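Novice: Starting from the structure of chain A, add chain B where the hints point.
In case you want the letters, here they are:
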Amino acid sequence: DQQVKQNSPSLSVQEGRISILNCDYTNSMFDYFLWYKKYPAEGPTFLISISSIKDKNEDGRFTVFLNKSAKHLSLHIVPSQPGDSAVYFCAASARKLTFGQGTILTVHP
Amino acid sequence: KAGVTQTPRYLIKTRGQQVTLSCSPISGHRSVSWYQQTPGQGLQFLFEYFSETQRNKGNFPGRFSGRQFSNSRSEMNVSTLELGDSALYLCASSLRQVEDTQYFGPGTRLTVL
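Chains A and B supply the protein sequences, listed in that same order.
With our numbering applied, the first sequence corresponds to residues 44 to 152, in that order.
With our numbering applied, the second sequence corresponds to residues 465 to 577, in that order.
Simulated from the structure, these hints should not be mistaken for lab results.
Just to be clear, a hint being listed does not mean it is correct.
[Claimed, not checked] Quick list of in silico lysine-lysine cross-link-like pairs, PhoX-like style, CA-CA up to 25 Å:
(1) A:K81 x A:K114
(2) B:K521 x A:K48
(3) B:K521 x A:K139
(4) A:K114 x A:K139
(5) B:K521 x A:K99
Remember, it's a predicted structure, so these values are computed and weren't measured experimentally.
Same shape as in the complex, but just chain A (with noise of 0.2 Å):
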């Protein structure tokens, strides 16, 4: 029972347009919701996160949006550059956090 699912396997972009990922969620007892970055042979890195409470959080490139009402959150990148390439993992946090299985960014030059 996947309760965090990020349905794009992969997403390809064009250097300096907005990279869009999605992630929907099941469980209404998520109320903390994060972006990890991965590399190959890396562990997740730390991108963004959000809380229930709020809509939207901005850092920088990064900009993630929540609907709680259909259950779903967005990361946008603009501009999107070539060291952006990497997998982006959705999490939700309910005291233990559920990742989604993960979206392969590539950003062309």
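Specialist: For chain B alone, kept in the frame of chain A given last:
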């Protein structure tokens, strides 16, 4: 500040054997969580330890166990290995709670033959 370290980085075992993986958290971090990453499954939560006590547990069989020492270092043990246990095992540490930012180690790649 040193990051989370995991040893060994790579491990090859055969079915039926047991294995112990080690994780040293960031200095001052008291919460250590373990995850299993397999292709197509994302990261699946195994368990979390805080102050030497298991605080949360995921949906894994009893063959998977762990412990935490007084210096916050943690070990994970898998007994009676199965082929399906082949995965990347990641350890993450945070200050106090799972909701605090988790810092991940590079992982231990376990291959079961």
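Novice: If you draw a straight line from the CA of K114 of chain A to the CA of K139 of chain A, is it 25 Å or shorter?
Specialist: holds (18 Å)
Novice: Would the pair K521 of chain B and K99 of chain A pass a check requiring their Cα atoms to be no farther apart than 25 Å?
Specialist: Violated: K521 of chain B and K99 of chain A sit about 30 Å apart, past 25 Å.
Novice: Need the status of pair K521 of chain B, K139 of chain A: alpha-carbon distance at most 25 Å?
Specialist: holds (8 Å)
Novice: Quick one, are K521 of chain B and K48 of chain A close enough, alpha carbons at most 25 Å?
Specialist: At roughly 21 Å apart (the allowed maximum being 25 Å), K48 of chain A and K521 of chain B satisfy the hint.
Novice: Is K81 of chain A close enough to K114 of chain A, meaning Cα to Cα at most 25 Å?
Specialist: holds (24 Å)
Against the hints set out earlier in the document, a violation occurs for number 5 only.
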